[in-house]
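Student: Read off the chains here:
4 protein chains.
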Amino acid sequence: MDELKKRLTKFRDDRDWRQFHTPENLAKSITIEAAELLEHFQWDGTFNKDEVSDELADVMSYCLLMADVLDIDLEGAIHQKIDKNEIKYPADQCKGSSKKYTEYKKKSASS
Amino acid sequence: MDELKKRLTKFRDDRDWRQFHTPENLAKSITIEAAELLEHFQWDGTFNKDEVSDELADVMSYCLLMADVLDIDLEGAIHQKIDKNEIKYPADQCKGSSKKYTEYKKKSASS
Amino acid sequence: MDELKKRLTKFRDDRDWRQFHTPENLAKSITIEAAELLEHFQWDGTFNKDEVSDELADVMSYCLLMADVLDIDLEGAIHQKIDKNEIKYPADQCKGSSKKYTEYKKKSASS
Amino acid sequence: MDELKKRLTKFRDDRDWRQFHTPENLAKSITIEAAELLEHFQWDGTFNKDEVSDELADVMSYCLLMADVLDIDLEGAIHQKIDKNEIKYPADQCKGSSKKYTEYKKKSASS
Numbered sequence: 001m002d003e004l005k006k007r008l009t010k011f012r013d014d015r016d017w018r019q020f021h022t023p024e025n026l027a028k029s030i031t032i033e034a035a036e037l038l039e040h041f042q043w044d045g046t047f048n049k050d051e052v053s054d055e056l057a058d059v060m061s062y063c064l065l066m067a068d069v070l071d072i073d074l075e076g077a078i079h080q081k082i083d084k085n086e087i088k089y090p091a092d093q094c095k096g097s098s099k100k101y102t103e104y105k106k107k108s109a110s111s
Numbered sequence: 112m113d114e115l116k117k118r119l120t121k122f123r124d125d126r127d128w129r130q131f132h133t134p135e136n137l138a139k140s141i142t143i144e145a146a147e148l149l150e151h152f153q154w155d156g157t158f159n160k161d162e163v164s165d166e167l168a169d170v171m172s173y174c175l176l177m178a179d180v181l182d183i184d185l186e187g188a189i190h191q192k193i194d195k196n197e198i199k200y201p202a203d204q205c206k207g208s209s210k211k212y213t214e215y216k217k218k219s220a221s222s
Numbered sequence: 223m224d225e226l227k228k229r230l231t232k233f234r235d236d237r238d239w240r241q242f243h244t245p246e247n248l249a250k251s252i253t254i255e256a257a258e259l260l261e262h263f264q265w266d267g268t269f270n271k272d273e274v275s276d277e278l279a280d281v282m283s284y285c286l287l288m289a290d291v292l293d294i295d296l297e298g299a300i301h302q303k304i305d306k307n308e309i310k311y312p313a314d315q316c317k318g319s320s321k322k323y324t325e326y327k328k329k330s331a332s333s
Numbered sequence: 334m335d336e337l338k339k340r341l342t343k344f345r346d347d348r349d350w351r352q353f354h355t356p357e358n359l360a361k362s363i364t365i366e367a368a369e370l371l372e373h374f375q376w377d378g379t380f381n382k383d384e385v386s387d388e389l390a391d392v393m394s395y396c397l398l399m400a401d402v403l404d405i406d407l408e409g410a411i412h413q414k415i416d417k418n419e420i421k422y423p424a425d426q427c428k429g430s431s432k433k434y435t436e437y438k439k440k441s442a443s444s
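Residue numbers (the numbering used here), protein chains in the order written: chain A, 1 to 111; chain B, 112 to 222; chain C, 223 to 333; chain D, 334 to 444.
Among the clues, some could well be false.
[Stated by the list, open to error] Cross-link-like lysine-lysine pairs, in silico, BS3-like; alpha carbons within 25 Å at most:
#1 B:Lys206 x A:Lys88
#2 A:Lys95 x A:Lys81
#3 D:Lys382 x C:Lys306
#4 A:Lys88 x B:Lys195
#5 A:Lys88 x B:Lys199
[Stated by the list, open to error] Pulled a few chain B residues facing chain C out of the computed Cβ check, cut under 10 Å:
#6 Leu115
#7 Asp127
#8 Ala138
#9 Ala146
#10 Ile193
[As the list claims (entries may be wrong)] Pair ranges (Cβ atoms, derived):
#11 B:Asp194 x C:Ile304: 48 to 54 Å
#12 A:Gln93 x B:Ile198: 29 to 35 Å
#13 C:Ile309 x A:Lys88: 16 to 22 Å
#14 B:Ala202 x A:Thr22: 19 to 25 Å
#15 A:Glu86 x D:Asn381: 27 to 33 Å
#16 A:Asp71 x B:Lys199: 48 to 54 Å
#17 C:Ile304 x A:Leu70: 34 to 40 Å
#18 A:Gln93 x B:Lys117: 20 to 26 Å
#19 B:Asp184 x C:Lys317: 52 to 58 Å
#20 A:Glu3 x C:Asp295: 52 to 58 Å
#21 B:Met112 x C:Asp295: 47 to 53 Å
#22 B:Gln191 x C:Lys306: 28 to 34 Å
#23 C:Ile304 x A:Gly76: 22 to 28 Å
#24 B:Glu114 x A:Lys6: 17 to 23 Å
Treat the hints as calculated values from the structure; they're not laboratory data. Built from N, CA and C at the ideal position, the CB exists for glycine as well.
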């Protein structure tokens with residue numbers, strides 16, 4: 001992850017683009033790229049893996065660039081999130097059907 | 112990244128949630144989480160770094176889970192994307208002003 | 223609004239596209255078009271009004287098509303929403319600064 | 334549509350919120366609300382029509398508020414868009430299967 005971040009920030013700085021990478025602009029960019037990814041699943045179940053892979057790389061790249069700008073330890077943040085989710089969604093209670101899953105997700109979102 | 116993916120897929124499988132993680136559902140989830148991240152920048156320039164960090168972790172988690180489901184080598188995909196972008200945006204030509212940046216981005220998006 | 227909906231559904235049916243317009247696919251489409259609108263505001267404050275107008279029309283069109291498919295009375299739904307918001311955000315209490323606005327919005331989102 | 338816009342702008346102005354309604358902030362808001370709508374279709378085919386109706390009203394409200402701020406004639410913009418699409422997607426050529434539909438959409442997006 002660190003190596004990727006280094007290459008991405010070098011790419012950015014070689015073009016003098018750091019000035020446009022405010023946290024807000026990067027949040028917009030992550031959303032825009034996520035929707036481009038979603039576009040591959042807009043109408044039916046067929047998709048091209050290489051194209052999807054490319055879009056996923058775009059989302060991830062902006063995530064890494066945002067982590068750089070805000071000095072966020074992404075790996076730590078993800079571990080922390082899983083820690084929280086292990087408490088929020090106890091394995092024995094929410095194992096199973098889609099209905100339970102959705103209800104759990106809903107309950108947690110509104111709590 | 113591999114370690115994170117392992118922990119995320121274990122969390123998913125302990126809850127029997129793999130069945131809901133179709134590529135399409137994950138693409139929706141990435142977009143939904145990206146918009147939640149964007150919500151922290153909706154009205155003004157103030158935001159809470161811990162909350163932003165948490166949302167960014169959510170986006171990244173679903174990206175890693177999608178890479179798992181589709182068997183995508185994310186690091187490779189990002190490197191490949193940077194390779195392409197180095198050709199698409201030559202450093203000496205698109206260095207500088209926001210206008211040039213936007214135009215370059217637009218031109219490339221439409222080509 | 224009714225006239226627009228008529229023209230949009232005629233356009234759809236002339237092409238036999240109703241079959242792809244599941245509520246879910248339309249929800250994806252609204253999000254995808256919204257992100258295309260957002261793209262015009264990705265990096266700086268400049269935008270082209272005609273292009274923005276075009277994207278806004280796309281978002282609205284899919285909203286009208288979703289209302290058609292789910293038989294939703296959109297005007298009624300919007301009036302109902304304003305009714306709710308008039309209670310949720312009393313004018314005398316949330317008038318004013320951006321901070322109050324954001325706090326109000328946040329409080330209401332989490333309640 | 335005009336009556337709705339009047340009520341929405343009155344609601345906004347009674348709270349002195351016009352100042353936060355820059356075109357950019359409204360574009361973000363439309364995207365955020367669209368993703369909240371999408372959330373109702375995140376994992377499975379079940380959804381609550383009243384909740385969906387409510388979210389759709391939110392997306393539409395911000396669209397109307399954006400049209401107000403930018404002085405866009407929404408009805409005209411939608412008619413214009415349908416005019417364009419009638420040329421872009423000739424009924425006799427793109428009638429039919431999902432595959433044809435997706436290809437048409439893709440072709441047009443990249444042209």
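Student: Run every hint past the structure and note whether it holds.
Tutor: Against the structure, the hints:
1. B:Lys206 x A:Lys88: Violated, at roughly 47 Å.
2. A:Lys95 x A:Lys81: Holds, at about 19 Å.
3. D:Lys382 x C:Lys306: 17 Å, holds
4. A:Lys88 x B:Lys195: 41 Å, violated
5. A:Lys88 x B:Lys199: 44 Å, violated
6. Leu115: Where the cut-off is 10 Å and the nearest Cβ of chain C is about 26 Å from leucine 115 (chain B), the hint is violated.
7. Asp127: 23 Å, violated
8. Ala138: With a minimum Cβ separation of about 9 Å from chain C (threshold 10 Å), the hint on alanine 138 (chain B) holds.
9. Ala146: At 8 Å from the nearest chain C Cβ, alanine 146 (chain B) passes the 10 Å test, so the hint holds.
10. Ile193: 19 Å, violated
11. B:Asp194 x C:Ile304: 48 to 54 Å: 51 Å, holds
12. A:Gln93 x B:Ile198: 29 to 35 Å: 51 Å, violated
13. C:Ile309 x A:Lys88: 16 to 22 Å: About 31 Å separates the Cβ atoms of isoleucine 309 (chain C) and lysine 88 (chain A), which means 16 to 22 Å is violated.
14. B:Ala202 x A:Thr22: 19 to 25 Å: Since alanine 202 (chain B) and threonine 22 (chain A) have Cβ atoms about 21 Å apart, the given range 19 to 25 Å holds.
15. A:Glu86 x D:Asn381: 27 to 33 Å: Between glutamate 86 (chain A) and asparagine 381 (chain D), where Cβ atoms are some 29 Å apart, the hint holds.
16. A:Asp71 x B:Lys199: 48 to 54 Å: 28 Å, violated
17. C:Ile304 x A:Leu70: 34 to 40 Å: Holds - the Cβ-Cβ distance for isoleucine 304 (chain C) and leucine 70 (chain A), about 36 Å, lies within 34 to 40 Å.
18. A:Gln93 x B:Lys117: 20 to 26 Å: Holds: the Cβ-Cβ distance is about 23 Å, inside 20 to 26 Å.
19. B:Asp184 x C:Lys317: 52 to 58 Å: 54 Å, holds
20. A:Glu3 x C:Asp295: 52 to 58 Å: Given range 52 to 58 Å: holds, Cβ gap about 55 Å.
21. B:Met112 x C:Asp295: 47 to 53 Å: 48 Å, holds
22. B:Gln191 x C:Lys306: 28 to 34 Å: Roughly 48 Å apart at Cβ, these two residues miss the hinted range, so it is violated.
23. C:Ile304 x A:Gly76: 22 to 28 Å: 43 Å, violated
24. B:Glu114 x A:Lys6: 17 to 23 Å: 19 Å, holds
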